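Enquirer: Read off the chains here:
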Amino acid sequence: MPVPEVVESFTGSVNRVTIGATKANGGTRTSTVTVGGAKNVVYGGDFEDAGEKPVVAMDVLDVRPEDWPATLAEPYKDVFDKPAEWAKKCVEEFGAELICLKFDGIHPDKANKDAGHAVRVTEEVLRAVGVPLVLWGCGNDEKDNIVMPKVSGAAKGENCLIGTITEDNYKALTAIALADGHNLISEAPLDINISKQVNILACDMGFPLERIVTFQTTGALGYGVEYAYSIQERQRIAALGGDKMMSMPVICDVGYESWRAKEAKLEDAPGWGDVAKRGPMWEAMTAVCLLQAGVDIIRMRHPKAVAVVRAFISEIRQ
Amino acid sequence: MILIGERINGMFNDVKNAIAEKNKKVIQDLAQSQTEAGAQYLDVNVGTAAADQKGTMQWLVETIQETCSTSLSLDSQKPDVIAAGLKVINADNGVILNSTPLNKKSDSEIMDKYIEMAKQAGPKASIIALTMDSNGVPQNVDTRVAIAAEIVQKALEKDFSTHRLFIDPIILPVRVPDAQVQPGNILQTMDQIAFLANPAPHMTIGLSNLSQGTTERSLINRTFLAMAISHGLDSAIVDVLDRELMDVLATAELLMNKQLYSDSFLKVYAAANKV
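These protein sequences, in sequence, are chains W and P. With the first letter of the first sequence counted as 1, position 151 gets the number 151 in our numbering; the numbers rise by one all the way through. Just add 1000 to the spot in the second sequence (first one is 1) and you have our numbering.
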């Protein structure tokens, strides 16, 4: 009896999502980014099965960050108060293909800025750079529901990736993202079942599943990266198994999470090596670990870490 | 779960009448409603009333494909009726040839013919093979498994991937005298079919046959479906329009970890399972 060739055959694949609209598509972006499309497990199967290359989205904050450690603040210290300049620096000096504009400043416990501020920043950044944008709220439901629809409107037609919607707060942003032609980020607290539910809720409102990117919440190296890893792995398996409610590309927030770790920022730790190298390395290692789990978009902060991760991506996807 | 919608079958009066009157709408509506309910394949069976079986098979295939792109399962014990359907079908997304026994008295080569037709029909064409041979339907577990093993071996010899092979252990009506032992036998058979090859062949059953002539058809169907899923059933020819059956299916797949849980799991099962 001949030995059969054992090949995994998957019925599903990860959706392809394109972020950004050029002039031809009604926007003003000079480039777009497409992610997703994997038809196999990470690094499994034929080369073509891997889909699009993962991409780094560099974080730009709408206000001066108050709590960034010195190592992280150093490359940006001249542009901290100027989000448009900051974004420009990320694109021109550090080669960012995608900018994540994070509206920390609207949070009631932080600078408590209003919608007018957020709209202004959005417009400035759109004018300053040609790459597509991720627009990310502050995480306070009430404030996000007031401000993010205005931000969405200010970027109407630019086909941004906007978020996040959660199980308890999805209606306002889903409706406005649909109206303004953006892609949507659905967030769940390291819980794949809730993640699926959030996608279903958005789908119920008529939002196309093919325009959703999931955010499973990220844990840094040493702080729960393994949970994020296994959830993303599970999501990929569900997508390959044909579960249309879980066939989205994945975004993770490596920058914020890595730089919260004491290992990344503690200066007075002689046994741990040079803090100026340790921080970026912590961020890069977290990102590379999550790449093995099949993430598609990685939010990052330090340019050195970004360079390492980008080199890693080029190497494995040659 | 690979669901094959059973409703386009000349044994049902509405389909029988539609065939007699050449009423396309009845057929196309059934194709549409079964597709929306979650069928990945639509079974097409001309029934026994039509005098011209080959012509009727072609008319059904063409009628369905005028308005619906769901893959079809051509259902006939006669190779020439299947061949007639294949002549007019668009099998780009797959087709199932349903079904052949391992062999039969009048045609010892019948399974070879089905495999050959499937190969001709393209890389996504599959066959359903019944665990019966020239002696008929076996009454015990061992003979069923032995026939299944021969089916798998024949497929491998013909270089026909087990991905494309569905084994149907044949479910008989439970109300037939002495047939009550059969559902249990089928579950035991399925446990063993899973080990016949790696990857294992698909397993399917014509579920509604189980409840023929009973007073609680839907209940019997859906109860056995849940039991069979727990023994590895990964395909079934069913009434996808039976909402309660579909709910049990979604729940059983959830409990077997085939689908991710979400609070709305019942609502999205059919959509989430679409190929």
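It is possible that part of the hints are untrue.
What the hints assert, rightly or not - Restraint ranges, calculated between C-beta atoms of paired labels, are given here: (1) P:1069 x W:30: 37 to 43 Å; (2) P:1067 x W:156: 35 to 41 Å; (3) W:311 x P:1157: 46 to 52 Å; (4) W:316 x P:1199: 25 to 31 Å; (5) W:312 x P:1217: 55 to 61 Å; (6) W:16 x P:1146: 56 to 62 Å; (7) P:1020 x W:157: 40 to 46 Å.
What the hints assert, rightly or not - Derived pair list, reagent style DSS-like, types lysine-lysine, alpha-carbon separation capped at 25 Å: (8) P:1267 x W:244; (9) W:262 x W:53; (10) P:1104 x W:244; (11) P:1016 x P:1078; (12) P:1087 x W:39; (13) W:244 x P:1087; (14) W:77 x W:244; (15) P:1016 x P:1119; (16) P:1119 x P:1087; (17) P:1104 x P:1016; (18) W:53 x W:110; (19) P:1154 x P:1119; (20) P:1267 x W:171; (21) W:39 x P:1078.
Note that these hints are calculated values from the structure, not bench results. These numbers come from a predicted model, not from an experiment. All C-beta atoms, glycine included, are put in the ideal place defined by N, C-alpha and C.
Enquirer: Now, for every hint given, state plainly whether the structure supports it.
Expert: Quick rundown of the hints versus the structure:
The hint said 37 to 43 Å for the Cβ distance between residue 1069 (chain P) and residue 30 (chain W), and at roughly 38 Å that hint holds. Residue 1067 (chain P) and residue 156 (chain W) have their C-beta atoms about 37 Å apart, which keeps the hinted 35 to 41 Å range intact. Checked against the hint of 46 to 52 Å, the pair residue 311 (chain W) and residue 1157 (chain P) passes, with Cβ atoms roughly 50 Å apart. At roughly 28 Å, the beta-carbon separation of residue 316 (chain W) and residue 1199 (chain P) lies within the given 25 to 31 Å, and the hint holds.
Restraint check, residue 312 (chain W) to residue 1217 (chain P): a C-beta distance of roughly 59 Å satisfies the suggested window 55 to 61 Å. Checked against the hint of 56 to 62 Å, the pair residue 16 (chain W) and residue 1146 (chain P) fails, with Cβ atoms roughly 47 Å apart. Judged by the Cβ atoms, the range 40 to 46 Å given for residue 1020 (chain P) and residue 157 (chain W) is violated: they are separated by roughly 56 Å. With a C-alpha separation of about 13 Å, the suggested pair residue 1267 (chain P) and residue 244 (chain W) falls inside the 25 Å cut-off, and the hint holds.
For the given pair, residue 262 (chain W) sits about 31 Å from residue 53 (chain W) by alpha-carbon distance, which is inconsistent with the 25 Å threshold. Simply put, residue 1104 (chain P) and residue 244 (chain W) have alpha-carbon atoms about 42 Å apart, too far for the 25 Å limit, and the pair is violated. Taking the CA atoms of residue 1016 (chain P) and residue 1078 (chain P), the gap is near 19 Å; set against the 25 Å cutoff, the hint holds. Simply put, residue 1087 (chain P) and residue 39 (chain W) have alpha-carbon atoms about 32 Å apart, too far for the 25 Å limit, and the pair is violated.
For the proposed pair residue 244 (chain W) and residue 1087 (chain P), the alpha carbon gap of about 33 Å is over 25 Å, so the pair is violated. With a CA separation close to 44 Å, the supplied pair residue 77 (chain W) and residue 244 (chain W) exceeds the 25 Å bound. For the suggested pair residue 1016 (chain P) and residue 1119 (chain P), the alpha carbons sit about 31 Å apart, so the restraint of at most 25 Å is broken. Distance check on the hinted pair: residue 1119 (chain P) and residue 1087 (chain P) sit about 14 Å apart at the alpha-carbon level, within 25 Å; holds.
Our distance criterion of 25 Å between C-alpha atoms is broken by residue 1104 (chain P) and residue 1016 (chain P), whose separation comes to about 28 Å. About 36 Å separates the Cα atoms of residue 53 (chain W) and residue 110 (chain W), which puts this hinted pair outside 25 Å; it is violated. For the hint linking residue 1154 (chain P) to residue 1119 (chain P), the alpha-carbon distance of about 14 Å falls within 25 Å, and the restraint holds. For the hint pairing residue 1267 (chain P) with residue 171 (chain W), the CA-to-CA distance comes to about 19 Å; that is within 25 Å, so the pair holds.
The suggested pairing of residue 39 (chain W) with residue 1078 (chain P) is violated, with an alpha-carbon distance near 38 Å, which exceeds 25 Å.
The structure shown violates the earlier hints numbered 6, 7, 9, 10, 12, 13, 14, 15, 17, 18 and 21.
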